[in-house]
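Visitor: This is what each chain is made of:
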Amino acid sequence: MKISKLYIENFKCFNGAFTIDFTDDVNILVGNNETGKSTILEAIHLALTGVLNGHYLRDELSQYLFNNDVISKYFLDIRAGNNPDLPHILIEVFFKENNFPKFEGDGNSDRSKATGVSFKIEFDKDTYKLAYEELLKKKFETIPIEYYKICWKSFARDGITSRNIPLKSVLIDSSSHRYYNGSDIYISRIIKNNLNEEQRADISQAFRKLKETFMGDDSIKAINEQVENNAKISTSKKVEISVDLSTRDAWETTLITYLDNVPFHQIGKGEQCIVKTNLSLSHKKSEEANLILLEEPENHLTHSKLNEFIKAITSNRNQKQIIISTHSSFVANKLGLENLILLNANKVSGKREKFYFKKLEDTTYKYFEKLSGYDTLRLILCKKAILVEGDSDELVVQKAYMDNHERKLPIENNIDVISVRSLAFKRFLDIAKELNQPTAVVTDNDGNYKEKVTNKYKDYEKVKCIEIFADENKNLNTLEPQFVNANKDNLEILCKAIGIDCTIYNSGDKIIDFMEANKTKWALSLFETSEKVKYPKYIQKLIDWCDEE
Amino acid sequence: MKNNKLYISAAGSGKTTFLVNKALELDKTKQILITTYTVDNEEEIRKKILKKRSSIPSNITVQGWFSFLLQHGVRPYQGSINEMLFENDIKGMFLSEGNSSIKNDEQGKPIYYQGRPLTYGENDFKNFYFTKNWKIYSDKISKFIVGCNEKVNGEIISRMSRIYSHIFIDEVQDLAGYDLEIIKLLFNSNVEIILVGDPRQVTYLTNHYKKYTKYKDGNIKEFIQNECKSLIDENSIDENSLKKSHRNNKAICEYSSKLYPEYEKSEPCDCNICRSNVSEHEGVFLIKKENLDYYLEEYNPIQLIWDKRTEINNNYPALTFGKSKGKTYERVLIYPTSNIKKWIKDNTFDFTKFENGKKKKIKDAKEKFYVALTRARHSVAIVYDYKENEQFEGIQKYKI
Chain A
58 MKISKLYIEN FKCFNGAFTI DFTDDVNILV GNNETGKSTI LEAIHLALTG
108 VLNGHYLRDE LSQYLFNNDV ISKYFLDIRA GNNPDLPHIL IEVFFKENNF
158 PKFEGDGNSD RSKATGVSFK IEFDKDTYKL AYEELLKKKF ETIPIEYYKI
208 CWKSFARDGI TSRNIPLKSV LIDSSSHRYY NGSDIYISRI IKNNLNEEQR
258 ADISQAFRKL KETFMGDDSI KAINEQVENN AKISTSKKVE ISVDLSTRDA
308 WETTLITYLD NVPFHQIGKG EQCIVKTNLS LSHKKSEEAN LILLEEPENH
358 LTHSKLNEFI KAITSNRNQK QIIISTHSSF VANKLGLENL ILLNANKVSG
408 KREKFYFKKL EDTTYKYFEK LSGYDTLRLI LCKKAILVEG DSDELVVQKA
458 YMDNHERKLP IENNIDVISV RSLAFKRFLD IAKELNQPTA VVTDNDGNYK
508 EKVTNKYKDY EKVKCIEIFA DENKNLNTLE PQFVNANKDN LEILCKAIGI
558 DCTIYNSGDK IIDFMEANKT KWALSLFETS EKVKYPKYIQ KLIDWCDEE
Chain B
2 MKNNKLYISA AGSGKTTFLV NKALELDKTK QILITTYTVD NEEEIRKKIL
52 KKRSSIPSNI TVQGWFSFLL QHGVRPYQGS INEMLFENDI KGMFLSEGNS
102 SIKNDEQGKP IYYQGRPLTY GENDFKNFYF TKNWKIYSDK ISKFIVGCNE
152 KVNGEIISRM SRIYSHIFID EVQDLAGYDL EIIKLLFNSN VEIILVGDPR
202 QVTYLTNHYK KYTKYKDGNI KEFIQNECKS LIDENSIDEN SLKKSHRNNK
252 AICEYSSKLY PEYEKSEPCD CNICRSNVSE HEGVFLIKKE NLDYYLEEYN
302 PIQLIWDKRT EINNNYPALT FGKSKGKTYE RVLIYPTSNI KKWIKDNTFD
352 FTKFENGKKK KIKDAKEKFY VALTRARHSV AIVYDYKENE QFEGIQKYKI
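Chain order of the listed sequences is A and B.
Numbering of the first sequence is given in this note's numbering, commencing with residue 58 and proceeding in unit increments.
Numbering of the second sequence is given in this note's numbering, commencing with residue 2 and proceeding in unit increments.
Since the hints were derived computationally from the structure, they do not count as laboratory data.
As the structure is a prediction and not an experimental result, all values here were calculated from the model.
Take these hints with a grain of salt, some might be off.
Calculated pairs, BS3-like style, for lysine-lysine (alpha carbon to alpha carbon, straight line, at most 30 Å) [what the hints assert, rightly or not]:
| id | chain 1 | residue 1 | chain 2 | residue 2 |
| --- | --- | --- | --- | --- |
| 1 | A | LYS440 | A | LYS210 |
| 2 | A | LYS62 | B | LYS92 |
| 3 | B | LYS289 | A | LYS153 |
| 4 | B | LYS290 | B | LYS251 |
| 5 | B | LYS29 | A | LYS186 |
Calculated from the model, a selection of chain B residues having no Cβ within reach of chain A, i.e. all distances over 10 Å [to be verified]:
| id | residue |
| --- | --- |
| 6 | GLN72 |
| 7 | ASN100 |
| 8 | ILE103 |
| 9 | LYS104 |
Here a beta-carbon is modelled for each residue, glycine too, at the ideal position from N, C-alpha and C.
Assemble the whole structure, with the sequences as input and the hints as a guide.
Guide: Listed below in structure tokens is the structure:
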């Protein structure tokens, strides 16, 4: 069982309607902070389980679930006397399969036949119409959440509970939600979902026996006798110490999972994440194949643990659907860039947008799967990207930008300078092209402009978002001669800037020799200097490109 | 090929037990719905299952007919019949007796024209199907579903058929109008349908909508024969399996059969279990009012009445004819209406009357009397101040 689509309206950062499609296997949500990655995971989990942040939402409705802009608009309308409807939140999860006819109907935002569930938080008009009318006569600043109700239905408009939803979801996030007594809500649920009715009954039985044994123990008996005789806690009722069996699945809240004799919640968060994921991957009930929602698994994992973790996901997935949010290029590269879904806040409206990577060429994502150390997400997430060939190029570009922007680093304006080996340039450009992401390449001509620049980047000639910056002069084949040439009228300042004695390095050639022999060194000196040097023309052009809208 | 069936049953033949057994015998993987019109019978079905199992098996759903129609007929595609229903929830059902969709004036009183209340037509979708508060009129539910199902190219019936492999309908004689159309649609789907009913016991009708009116008074057999002809075979209608009464003795079977000479006579089941405890007071009797107190004291029968206005001995339990449907008692005492008395006197009386010069059926009288007659195992006594010289067919005069 898979989900094919999510519809969100007015929930948290989603202003108005938003839909997102999912593939059957791995879906990777990437995007800057506050673009709604976690909210998407939360929304799916909420609609399938009724649980938000480890608690049943039913008991914890609050105004903060609503989109801020939606609430502001409501109050603006109130003040303008427009008599607006109270805002609602709607989350719909569309199932892919249609062999769950009980969930089939036109009760969804598409208004046509589909299978799925709808979770709506709305004003309870039938009960509170009059109360709300009274409230409208007064001044109020917050949404009257006490007049709201949760409407949880199938697309056939049948009331549902998490019990009768055939799709079981597990949300594994790095913050841990625990019952007050320490048992972990997720791990209990994962384990519980793995058991059949009989096994569950067995656990409950065993747990009751445990209680009986406990109560039958001589020391407990003695203590209880003492309690009964001494304590005047209740005048008419018997007081005794016992084990909490008040809930139906008492064991679930009381029993704790141990790993190597360490209680689950005491082990490292990273390890917890791996254990939870492995548990949910090994889910036995194949007919209830679950959906695994993973939030930023890289948070508590070292690189090697992360590698282990990704390996577990890819090799044990068994057709299970996974939706994962991440900031890690490594995770994204490993799980396959073709599975990326990029979330974005529109610059003008602030509304969330999404972008799928499905059309990326096979060879490109396979390349990054193998060379997974590349910062692909940096390219994807910045406003403009500049690809350079090495450390010295990176430093020079940064410095050139700072000199033109009141000492601001490019990254402060969300322009990311990424150092890439020359072979990977084209792979990055393929992503940029697919995404229509403004990307510049800064490259040497290596003495052969036609071959090293024109021919190499021919495929991107007509791609608007991609610009190649290089100089045509074959004598100035690399950055160093370019630099010396740009400053040929004032080599003294250049020498000062790169930290050498201009009386020793008294010719352009000597300076070039030094620079070529000390690539990173001169670039570092330049980066730190307050001297005003001149930059090669193509770098100057690059800086102009950075400022284009 | 799937095996749709209609079982015509006699009173006390154990048809509900028969249905329940059929459901319990089926493979656990089959999803079975058992539905019926009245709440009482729905409860009876549940009780019968719980006699045999510790809980209702998860593959069996027992649900009232209207509740089933609302859940699986109306709601899944309600928006597709009219856009309005995407925005508005249907708030449940309004049980309409007689006319629905009546036009009201500003004070909420019906508007009359030439002695009849004015009603909304089909072109006013909202007011035709729904009350002011979006409750759907019970007599329009099945019409709504048939219309909606057409709009969505049969998705409603298709959905039902993917949820349930078997749908059993008990007391099918109560269904009328567009309900019959739904039965026809189900006959034509993948669901295996079993209908069970006693055409002599039409005491309630699901609706009085003018559709298939000729089949409404217990003519379910004719409906299946005529309207579902292409969907059935020669074994689809079974009048024999449920012909024997496990409840009534021979005298009661014979006397009650006289009410419906057009149907096969019911027979008492002659198995040892059914006939094991014969009492000293067996048969059908007329009893004079003066002997009632003695009779009640002696035999403790349940008193069956037309309605609450009937004068009875309040020291003993009583029930209306309608409410007694489906129940079994050792002995009953019937307080007949004047029309019933006419029939007792003369069995050719045909339960019709003249109204405004037209011949009209006396509402439910015959059917309800049949129900009352067939409740008892041992004895039926009918309150009737006969004269000593009067002659009655098939019935004894009770003497102390």
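Visitor: Look at each hint and say if it fits the structure.
Guide: Going through the hints against the structure:
1. A/LYS440 x A/LYS210: Cα-Cα ~41 Å, so violated.
2. A/LYS62 x B/LYS92: holds, 29 Å
3. B/LYS289 x A/LYS153: violated, 72 Å
4. B/LYS290 x B/LYS251: Cα-Cα ~26 Å, so holds.
5. B/LYS29 x A/LYS186: violated, 47 Å
6. GLN72: Given that some Cβ of chain A is not farther than 10 Å from that of B/GLN72, nearest at about 6 Å, it is violated.
7. ASN100: The claim holds: B/ASN100 sits with its nearest Cβ about 27 Å from chain A, beyond 10 Å.
8. ILE103: Per Cβ check, B/ILE103 is outside 10 Å of chain A; nearest 24 Å; holds.
9. LYS104: holds, 25 Å
Hints 1, 3, 5 and 6 from the earlier list are contradicted by this structure; the remaining hints agree with it.
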